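A.B. asks: Those letters in the sequence shown? Residues 1 to 755, by full-length UniProt numbering.
Among the hints, erroneous ones may be present.
[Claimed, not checked] Derived BS3-like pairs (lysine-lysine); straight-line CA-CA distance at most 25 Å:
id	residue 1	residue 2
1	Lys23	Lys479
2	Lys636	Lys590
3	Lys479	Lys415
4	Lys569	Lys551
5	Lys551	Lys479
6	Lys479	Lys322
[To be verified] Distance windows between CB atoms, simulated:
id	residue 1	residue 2	range
7	Asn74	Glu394	41 to 47 Å
8	Asp529	Asp385	52 to 58 Å
9	Arg17	Ile312	54 to 60 Å
Worth flagging that the hints you see were computed from the coordinates, not collected in a lab.
Values in this document were obtained by computation on a predicted structure and should not be read as measured data.
Don't be surprised by glycine CBs; every beta carbon is placed ideally from N, CA and C.
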Amino acid sequence: MDDPTYTWPAWKFGLKREDLSNKLHNQYNTYLAPIQSPEAFYHDISEIAHTARSAAEFHHLAHDRRQQRLNELNEALESASFEIIGNPRLIETPQWEHAIQLFRTNSLDSLVQYFASYLPQEHRWHPLHQDTALSGADGSEELSKRHTSGTTRKLNQVSTGAGILDGITREAGEQKRGEMRNNNPRHRARPSTNICSREVGFENTHSAAQRRASFDRHTETKGPFLNSTPRNPSYTVGLKLQPAVRKRYSVVMAGTSLWDYIFMRTSIFVLHLIAPLSIVVSLVLSLVTLPFQIPSLLKAWFILEALFYIFIYLPLNSHLQKPANHPTAPCRADRQRLFQQCHDNIPDAGQYLRRWFRDAPEHEIKRENVKDFFRWGFLNMEGCDSTYDDELEEYVEELEDLLGRKLEPGRGDAKCLRMTLDKVEMLHRSLTWYLCIFVVDTIASAYLLYHSFGFHRTSISQFLSTFPLRPLSLVTPYKSPAKGLTYWHHPHTSRTKLPILFIHGIGVGLYPYINFLAEINTADSADGDVGIIAVEILSVSSRITGSALLKEEMCEEIHRILSSHGWEKCVLVSHSYGSVIAAQLLRDPKTSTSIGPVVFIDPVSFLLHLPDVAYNFICRLPSETKEYLLSYFGSKDIGIAHTLFRRFFWADNLLWKEDLQNHPAVVALASKDSIIDTKSIRAYLVGSKDWTRSPPTEDTGETASDGNLDVIWFEDLDHGQAFDHKTTRLPLVEVVRAFCNEPASPVMADEVRKK
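Please build the complete structure, drawing on both the sequences and the hints.
C.D. replies: Following this line, the structure appears as structure tokens:
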């Protein structure tokens, strides 16, 4: 960085010049993806560095600037989305490609590309003009131009005037308005986009591909982790997995298109609007005689929605804020052992601390703040107790060694994420939404009945305490031996194979898994069908119901279910949140003996001490379709929120690979998982030291192995998408079938023979 533009007084703040492209970039220019191009970010840092008078002020200003850029980005994206919605002809134009890219990357860089695409092709800022100007004679990209004097001049221009995006927006706006007047005189002008992006100009700079390559070079991993990944390793449990075709998923991934984004935002807006609209209409109807007649059915719907919000949701919200009953903390030796395990498996200490503290500035996270976090995490307590001072000091010193710096003494303004102590963050769900859940549940029940599953209900009082009601509970002949768990059961008729216990994840119940469960028994078998018990966890299935069962209660209930069917051993299959219950079952002395091989799909239990699961569920501000889906329809649901904030004790749900030593295991991970850090989990499971930066294997369905444990890697899929298509379900189905081929016990075979 010999360019004068990048000369900044790093020494003033105890930093190095190279921290600009790694440490500071990760801390202040990254929100899942880069917010600005490297050049624009460097300009911001240079400006702040010449203004700040201390390290604390520097980090404070950098944090504020990051938030400013995020706000600018969100405002510009919203403005652009209004324009795109109001322009149905966009899909037929060359700008469509840039509009799609805009909502995929969510960066100021892509905004510049989108608006610049409206300029005439001969314009110096048009994307085609950039690519032509920046390609060499052989078509190669000239990345060496990044630090030319032309870039310096443009950065200086940006620092003294409006951002390049303003200029592009104005020129593109004039160009578009001219086209619209010719093509559609009734078309309204788009809302103005007023944003000073600090983005650099296009002339003599890079195309989108070049800027991405430049960014990748700047954010290349530094440190002790090696950039290597075992390819085509042998696996040790005799599974013959058919690799799926990666290209088939890059075009059909749900939730990546512009229209998915628009539909998601519109759906959330409409569902948010139902409660206030219903209350206003109900008040108007009770106080004023309208000059027109509202249909009786619509009037009744408004009144019911208003009553539901006032008399059901508000009291329930208040009731569910009650403090959690924390389990007793383990002894000091066990706590220290747990801390050491967690400490030894932290790939990035800076990010670990920052995310647990809700993206707080580094200078606000001080020693007392970290002690508060450790009190919650390892002692299950909130207040101070001098009994544990020495132990907490020991933990803080260990963390400082990992960080490579000392934490400032005292207490800063940072607030850590302590889910069982924090307020339960939930949002209202309308009766209309619960009607949708009722319909989905009815469809799922019909499919399961068609595939020879029987529904096992609980008591009538339990039936009445669940909303929406489930009429099937009144007619099914089967009753669950468990007091609080319903489940679906497919009879086990095979005398040589193991049956399956399946535990689903957060969402709408078993509906997303129907095809997966049905396909397990599609192959003809003279030996009979493999039995399946699919347990329903209603507290995380978008319903109003009782509190989630605690660890001991859940293990006891499932033990009763397995015993009632005579299952001495089974294959345990879980998805997402289901891995939490799987971890509890594997540790419980009663149920662990009944579990043979295990299959984890998108598990949240591995490396649960890392902040990714909690941060992505609770703290992350959504910007993509899948994130809005997770935030509104997932984590903010009444039952799900209460389960996560009041019944989820991370140390009880944490799973280490050592816990699987006596169980053949397969873990399926998706490369684009928006909830868990799959690269770190994959590296941990296969024993690699390259935690997060290793390039994934290229083939979807390829496996990596570490002893008795295999990892299936799905390239280009997100959390839960492996269940969406038959080709991605196939490796999972084959794994489960292979595990079921492990011989059943003689006692179980006799039970099947009798039946």
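A.B. asks: Within 25 Å, alpha carbon to alpha carbon, are lysine 479 and lysine 415?
C.D. replies: 47 Å, violated
A.B. asks: Does the structure keep lysine 23 and lysine 479 at a Cα separation of 25 Å or less?
C.D. replies: 58 Å, violated
A.B. asks: Tell me if the straight-line CA distance from lysine 551 to lysine 479 falls inside 25 Å.
C.D. replies: 23 Å, holds
A.B. asks: Assuming the hint says 52 to 58 Å, is it satisfied by the Cβ distance from aspartate 529 to aspartate 385 or not?
C.D. replies: 56 Å, holds
A.B. asks: Taking 41 to 47 Å as the hint, is the beta-carbon distance of asparagine 74 and glutamate 394 inside that range?
C.D. replies: The hint (41 to 47 Å, Cβ to Cβ) holds, given that asparagine 74 and glutamate 394 are roughly 42 Å apart.
A.B. asks: Take a look at whether the Cβ-Cβ distance between arginine 17 and isoleucine 312 falls inside 54 to 60 Å.
C.D. replies: About 59 Å separates the Cβ atoms of arginine 17 and isoleucine 312, which means 54 to 60 Å holds.
A.B. asks: So if I understand the rule, the pair passes when the alpha-carbon distance is 25 Å or less; does lysine 636 with lysine 590 pass?
C.D. replies: 34 Å, violated
A.B. asks: Within 25 Å, alpha carbon to alpha carbon, are lysine 479 and lysine 322?
C.D. replies: Since the Cα atoms of lysine 479 and lysine 322 sit roughly 32 Å apart, the hinted pair is violated (cutoff 25 Å).
A.B. asks: Given the hint that lysine 569 pairs with lysine 551, does the C-alpha gap stay at or below 25 Å?
C.D. replies: The given pair, whose Cα atoms are some 20 Å apart, holds under the 25 Å limit.
Checked against the numbered hints above, the structure violates hints 1, 2, 3 and 6; every other hint is satisfied.
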